[in-house]
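Protein chains: 2
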Amino acid sequence: MTITSFNPPQRVLMGPGPSDVHPRVLSATARPTIGHLDPTFVGMMDEVKELLRYAFQTKNTLTMPVSGPGSAGMETCFVNLIEAGDTVVVCQNGVFGGRMKENVERIGATAIMVMDDWGSAIDLDKVRDALKSAGNVKALAFVHAETSTGVQSDAKGLCALAQEFGALSIVDAVTSLAGTPVMVDEWGADAVYSGTQKCLSCTPGISPLTLSDKAVEVVRNRKTKCPSWFMDLSLVMGYWENASGGARSYHHTAPVNALYALHESLVMLKAEGLENSWARHTKNHLALRAGLEAMGLGLMVNEADRLPQLNAVTLPEGIDEAAVRKSLLTNYDLEIGAGLGALAGKVWRIGLMGQSSDAAHVVLCLSALDGTLSAMNAPIKSGVAVAAAQKVLFG
Amino acid sequence: MTITSFNPPQRVLMGPGPSDVHPRVLSATARPTIGHLDPTFVGMMDEVKELLRYAFQTKNTLTMPVSGPGSAGMETCFVNLIEAGDTVVVCQNGVFGGRMKENVERIGATAIMVMDDWGSAIDLDKVRDALKSAGNVKALAFVHAETSTGVQSDAKGLCALAQEFGALSIVDAVTSLAGTPVMVDEWGADAVYSGTQKCLSCTPGISPLTLSDKAVEVVRNRKTKCPSWFMDLSLVMGYWENASGGARSYHHTAPVNALYALHESLVMLKAEGLENSWARHTKNHLALRAGLEAMGLGLMVNEADRLPQLNAVTLPEGIDEAAVRKSLLTNYDLEIGAGLGALAGKVWRIGLMGQSSDAAHVVLCLSALDGTLSAMNAPIKSGVAVAAAQKVLFG
Chain Z
1 MTITSFNPPQ
11 RVLMGPGPSD
21 VHPRVLSATA
31 RPTIGHLDPT
41 FVGMMDEVKE
51 LLRYAFQTKN
61 TLTMPVSGPG
71 SAGMETCFVN
81 LIEAGDTVVV
91 CQNGVFGGRM
101 KENVERIGAT
111 AIMVMDDWGS
121 AIDLDKVRDA
131 LKSAGNVKAL
141 AFVHAETSTG
151 VQSDAKGLCA
161 LAQEFGALSI
171 VDAVTSLAGT
181 PVMVDEWGAD
191 AVYSGTQKCL
201 SCTPGISPLT
211 LSDKAVEVVR
221 NRKTKCPSWF
231 MDLSLVMGYW
241 ENASGGARSY
251 HHTAPVNALY
261 ALHESLVMLK
271 AEGLENSWAR
281 HTKNHLALRA
291 GLEAMGLGLM
301 VNEADRLPQL
311 NAVTLPEGID
321 EAAVRKSLLT
331 NYDLEIGAGL
341 GALAGKVWRI
351 GLMGQSSDAA
361 HVVLCLSALD
371 GTLSAMNAPI
381 KSGVAVAAAQ
391 KVLFG
Chain V
1 MTITSFNPPQ
11 RVLMGPGPSD
21 VHPRVLSATA
31 RPTIGHLDPT
41 FVGMMDEVKE
51 LLRYAFQTKN
61 TLTMPVSGPG
71 SAGMETCFVN
81 LIEAGDTVVV
91 CQNGVFGGRM
101 KENVERIGAT
111 AIMVMDDWGS
121 AIDLDKVRDA
131 LKSAGNVKAL
141 AFVHAETSTG
151 VQSDAKGLCA
161 LAQEFGALSI
171 VDAVTSLAGT
181 PVMVDEWGAD
191 AVYSGTQKCL
201 SCTPGISPLT
211 LSDKAVEVVR
221 NRKTKCPSWF
231 MDLSLVMGYW
241 ENASGGARSY
251 HHTAPVNALY
261 ALHESLVMLK
271 AEGLENSWAR
281 HTKNHLALRA
291 GLEAMGLGLM
301 VNEADRLPQL
311 NAVTLPEGID
321 EAAVRKSLLT
331 NYDLEIGAGL
341 GALAGKVWRI
351 GLMGQSSDAA
361 HVVLCLSALD
371 GTLSAMNAPI
381 KSGVAVAAAQ
391 KVLFG
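Chains Z and V, in that order, give the protein sequences. Residue numbering for the first sequence follows the numbering used here, starting at 1 and increasing by one per position. Residue numbering for the second sequence follows the numbering used here, starting at 1 and increasing by one per position.
One or more hints might be untrue.
[Said to hold, decoys possible] Quick list of in silico lysine-lysine cross-link-like pairs, PhoX-like style, CA-CA up to 25 Å:
#, chain 1, residue 1, chain 2, residue 2
1, V, Lys101, Z, Lys326
2, Z, Lys225, V, Lys214
3, Z, Lys223, V, Lys225
4, V, Lys101, V, Lys214
5, Z, Lys156, Z, Lys283
6, Z, Lys223, V, Lys101
7, Z, Lys326, Z, Lys346
8, V, Lys223, Z, Lys101
9, V, Lys223, Z, Lys225
10, V, Lys225, Z, Lys101
Hints are computed from structural coordinates only; laboratory data are not their basis.
Excised from the complex, chain Z in its bound form (with noise of 0.2 Å):
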């Protein structure tokens, strides 16, 4: 059988991510590719640098892309700051929580677990009492957004208790940034990474990253070498932070396309203003929330906790969840997201990330839910969720 070029559907994403691409950014990545030291791309990267410092709201000086998706960027942050005995403090409150555990032991570093429930904010207070009886705690870890619950954390306080007991911070921003306030010179934190795919609404695979002064000499200072070549951020460097007009080292051939899709897409987020995109994410999902709730859906995570960007909804009784995801994508090209891990079968995950927080996404979304769940019986309320959405978007 000969194959073909693949032709995508055009899909709705309202998963947990990748959220829809602007075409401006589809376009964007097709354009020509350069070469990696062309001085035209290194004018480019400067550029790249001088947005990501804007949308993580820093100064840092090492503020670039990762060239490899969020866990890469994870990975990036762990392998640099952290080396073998050493002991860090994970916050778990859902998978990714685990995955910077996975991080951490790999390492031959020592993952102290702070553990709440799926679905819950992380404790301070515990927090607090495992940085104590500790002692010598090189870096607390902990998920800003949790994309696996729709939870939100107190990264401002987590940070604090890190600054107060002498470690490091390291902050999964992958689903926050752009979508609720990432605030990374405010918090005070060392190590912070993202993804493209989400509030940026860029194509998938490249990681924000951003590494506090602090934490570039604890990179500079290390006794051994990082446990990986192609993410040693003391070779990375060399690409990535020589002033323009100065000499770059070559590390690894960039991957030039899949950034001039996230240069585009950064362009967009300092044209709207990140209070502009913070508002639009909050607004969206209370007109989301406001059709659900009338529909007779709940949301899983309590108010306080929220992430307006990633809704846990919770399953009308008797009905099967992945049909009923089938069904949206088989009819109308819609995706919503499954529950991942312990919530496996206990939630759909609804993104309204980036281009996908509007009120287009959100009244289809009610719209498709609402007839695909009368059609299979569900116990809902038909017919009033789009006008309680409404009210919300346009009074």
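Once you've looked at the hints, dock chain V against the given chain Z.
For chain V alone, kept in the frame of chain Z given last:
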């Protein structure tokens, strides 16, 4: 200063990679993003695996693209197959063998180096001696096509030596794949990785990889966990290796749009046919060589070991080589490569890879070099290169 959309110049890429990317591939990468667990995407993943098996000339089940550049592909081989305490014989005759040494040592394994001159092929007798005297070698690692020098080594002979001594073979085929024969099954190679941005003429950022069943068994029977979570094939396989229709487990978000590009470039390779692609690379190399020699310029590597797709050209006396490259870029939008490592300032590297390997590229490069060097009063013979190339190309 407001940063606006980035519009790269249209370059002609004749360096050591990236090579020119065909509009079909650029257009593919801009197709609508869909979810990494979308059934349509999963179907495309299976096609990518099948097409990569063709490119690598293998039936290996574990054949897939790593979500990162070639150096991530290299590291994926080492961190999965080698454990602390193992011994690896590493051949070095350029930059990339040195990188393999870094990979081995950062794992806590021992690298026994077999050194050859930059510009020479790997000496099989020295490798045999090293394997014999070391005893109990876990793997033999070598670069098939050294991008830093333009040298091709005898991969078939080296893989046979590895088998003779009960060692795995780890092969860097970044620059060779699709340009010159890479015969994974015929060689009996155990782990081979490549890059998308060389003779596949795809956008940079992804690393095709194939592992023999024997190598997969080694991964499955490790005594310790893979030091990298991101590159752990025992986890990545859960996403890439389950049969179509079976359950795919989530590991990381795949670089969806980059994989569209890879798929399209592989469809184009299959349509041309590997043998035709190899023959094209050879013919254009011979044409470039004829033109360079007519001009009075030489190739550094001896004829038997030359890579057709990457030509290390010796410099005319008294010439500022960086000024020549800058002039080619400014006047002709033409990128050729500088020397790397020990060859910095001593050669140019002219790539004829993938889409950059055709008659138009050859003739443009020769003409632009002729004009530029003549204007600098370099000691070359002007006005004869194109005719010499033309004779090879069209008789």
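Evaluated hints:
| no. | hint | verdict |
| --- | --- | --- |
| 1 | Lys101/V / Lys326/Z | violated (48 Å) |
| 2 | Lys225/Z / Lys214/V | violated (31 Å) |
| 3 | Lys223/Z / Lys225/V | holds (23 Å) |
| 4 | Lys101/V / Lys214/V | holds (23 Å) |
| 5 | Lys156/Z / Lys283/Z | holds (23 Å) |
| 6 | Lys223/Z / Lys101/V | holds (19 Å) |
| 7 | Lys326/Z / Lys346/Z | holds (16 Å) |
| 8 | Lys223/V / Lys101/Z | holds (20 Å) |
| 9 | Lys223/V / Lys225/Z | holds (23 Å) |
| 10 | Lys225/V / Lys101/Z | holds (13 Å) |
Hints 1 and 2, counting from the list given before, are not met by this structure.
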